[in-house]
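J.: The residues making up each chain are set out below.
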Amino acid sequence: MDIAAYISSGIIESYVLGLASEEEVSILNCIRKNNVEVEQAIAEAEKALEGLADIQAMAMPAALKQDIWNRLEAENLVLKDDQPDGLSTDEAISHDTVVQAPISNTEELPKRIVPARSYGWAIAASILFVLSVGANLFFYQQQKENKEMLVQANTTLDTQNATLAILQEKWSLVQNPAVKTIALKGVENKPDLHALVFWDQTSKAVYLSLEQMPAAPKGKQYQLWAMVDGQPVSAGVFPLNAKEAMASKMLDVSKAQAFAITLEDEGGKPVPTLTELCVMGSI
Amino acid sequence: MSPLHNLPEETLILLLKKKNQQAFSYLYDNYADALYGVVCRIVASTEHAEEVIQDVFVKIWKHVDLFDSEKGRLYTWMINIARNTALDYRKSKGVVNEMKNQPLSNIVNTDEERDQSGSEQHTKADFIGFRNILDKLKPECRILIEMAYYEGYTQQEIAEQLDVPLGTVKTRTKAAFLQLKQLLKDYR
Numbered sequence: 001m002d003i004a005a006y007i008s009s010g011i012i013e014s015y016v017l018g019l020a021s022e023e024e025v026s027i028l029n030c031i032r033k034n035n036v037e038v039e040q041a042i043a044e045a046e047k048a049l050e051g052l053a054d055i056q057a058m059a060m061p062a063a064l065k066q067d068i069w070n071r072l073e074a075e076n077l078v079l080k081d082d083q084p085d086g087l088s089t090d091e092a093i094s095h096d097t098v099v100q101a102p103i104s105n106t107e108e109l110p111k112r113i114v115p116a117r118s119y120g121w122a123i124a125a126s127i128l129f130v131l132s133v134g135a136n137l138f139f140y141q142q143q144k145e146n147k148e149m150l151v152q153a154n155t156t157l158d159t160q161n162a163t164l165a166i167l168q169e170k171w172s173l174v175q176n177p178a179v180k181t182i183a184l185k186g187v188e189n190k191p192d193l194h195a196l197v198f199w200d201q202t203s204k205a206v207y208l209s210l211e212q213m214p215a216a217p218k219g220k221q222y223q224l225w226a227m228v229d230g231q232p233v234s235a236g237v238f239p240l241n242a243k244e245a246m247a248s249k250m251l252d253v254s255k256a257q258a259f260a261i262t263l264e265d266e267g268g269k270p271v272p273t274l275t276e277l278c279v280m281g282s283i
Numbered sequence: 001m002s003p004l005h006n007l008p009e010e011t012l013i014l015l016l017k018k019k020n021q022q023a024f025s026y027l028y029d030n031y032a033d034a035l036y037g038v039v040c041r042i043v044a045s046t047e048h049a050e051e052v053i054q055d056v057f058v059k060i061w062k063h064v065d066l067f068d069s070e071k072g073r074l075y076t077w078m079i080n081i082a083r084n085t086a087l088d089y090r091k092s093k094g095v096v097n098e099m100k101n102q103p104l105s106n107i108v109n110t111d112e113e114r115d116q117s118g119s120e121q122h123t124k125a126d127f128i129g130f131r132n133i134l135d136k137l138k139p140e141c142r143i144l145i146e147m148a149y150y151e152g153y154t155q156q157e158i159a160e161q162l163d164v165p166l167g168t169v170k171t172r173t174k175a176a177f178l179q180l181k182q183l184l185k186d187y188r
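For the protein sequence lines, the chains are A and B, in the order given. The first sequence begins at 1 in the UniProt record's numbering and counts up by one. The second sequence begins at 1 in the UniProt record's numbering and counts up by one.
Okay, chain A solo, but in the shape it has when bound (with noise of 0.2 angstroms):
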């Protein structure tokens, strides 16, 4: 439904007018249910008609106050205050209220003057009362969701620090003039596989950071290769426990022509198995 045209058709209005049909009725009270912006027009209308009727008051005959109240009680509707009402607003009323014992009868004009002014003083307790219960539920249920909320950003945190370094640690190889970057491509039937290989070509350390390559199935191992005048020479297994973006140091390697990387048993072999070869790039 499209709420902004419903909203812009004047049934709202209608509602708060009390026009609306039974069924445009039932219709509306679904949807505000689900639906802040319709709930909020609602609103907005009903100010209006209380804006209306507040520019439009009328002062009240002075007499019928104490008539309808007489009638309240006539009609046994008041609540006695040295009576429980079940409602535990405050103690700050009720005390407030005992002390002015004969509130029930104003017949006569002094007393009714007397209560009124201490309802000002009791009414105000009650509200702080109220508003520092509310108060306190408030913070401390802000407290506790914040709390929550700093446990999860410290584990963000943690996370994303150690991405960080990993990622500085790659730069820092990257950035390094005497390192070169070897890109390892995957092999035929392995096209999207990606691994690069960083080699120091002064302290002949080489380091591993397997981009694009699935975790090894249980019981396997990937291992590094170097092509060194045709021979496979092997440059160490990938360790099982390093995250896979991170760059791994590896065995040393002097000289090289190509590098490679196969899939092997978990602790890796002396030759490596040409099927299970992942991806390779020469230099």
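Each hint should be verified, as a subset may be incorrect.
In silico BS3-like links for lysine-lysine, alpha-carbon gap of 27 angstroms or less [as the list claims (entries may be wrong)]:
(1) Lys17(B) - Lys80(A)
(2) Lys80(A) - Lys62(B)
(3) Lys181(B) - Lys47(A)
Quick partial rundown of chain A residues pointing at chain B, CB under 8 angstroms, derived from the structure [as the list claims (entries may be wrong)]:
(4) Ser8
(5) Glu13
(6) Ala45
Some chain B residues flagged as far from chain A (calculated, every beta-carbon gap over 12 angstroms) [as the list claims (entries may be wrong)]:
(7) Arg41
(8) Arg83
(9) Tyr89
(10) Ser92
(11) Pro139
(12) Asp163
No lab work stands behind these hints, which were simulated from the structure alone. Quick reminder that beta carbons are idealized off the backbone N, C-alpha and C, glycines included.
Use these hints to put chain B onto chain A, whose structure you have.
T.: Frame of chain A; chain B shown alone:
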């Protein structure tokens, strides 16, 4: 004016449920005049209005426990009690029929013109001295709010009386609220 005039609705509901005199005092001091204004415009006679407004207070007092803040605002709820009680009263006194049998021109007329027609209009004239913000609306919007809100016509009846399609009634209702909101803004 009470220093607590701006009591939030939630607090007021809590207070009203205590059903004691301070709750009544607050309710009366802050809302009686506005509710009385609504009642007066509907029943159109001070004598009847005084009777009706008492019923309104008794109803609010009795039914406040049934009020559900999820379904609307407390003030609106009270206004609607005032409106419905006054409209029911009018119906029971046959005022509605009297009004509905009047020619359309009476409804379309301004208050000054109404003044000179039938007795019902004369009693209504009691209130002409009071500020009527609705006069500042465009006539077709004012008529609509008066008929719907203060006279209890249905949408269908309004469409028939004004001889416009139902859709037009809705569009005008929307327009009337836009104008009303603007007017209220200017008043504040």
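J.: Of the hints stated earlier, which fail here?
T.: Hint check: 7, 8 fail, others pass.
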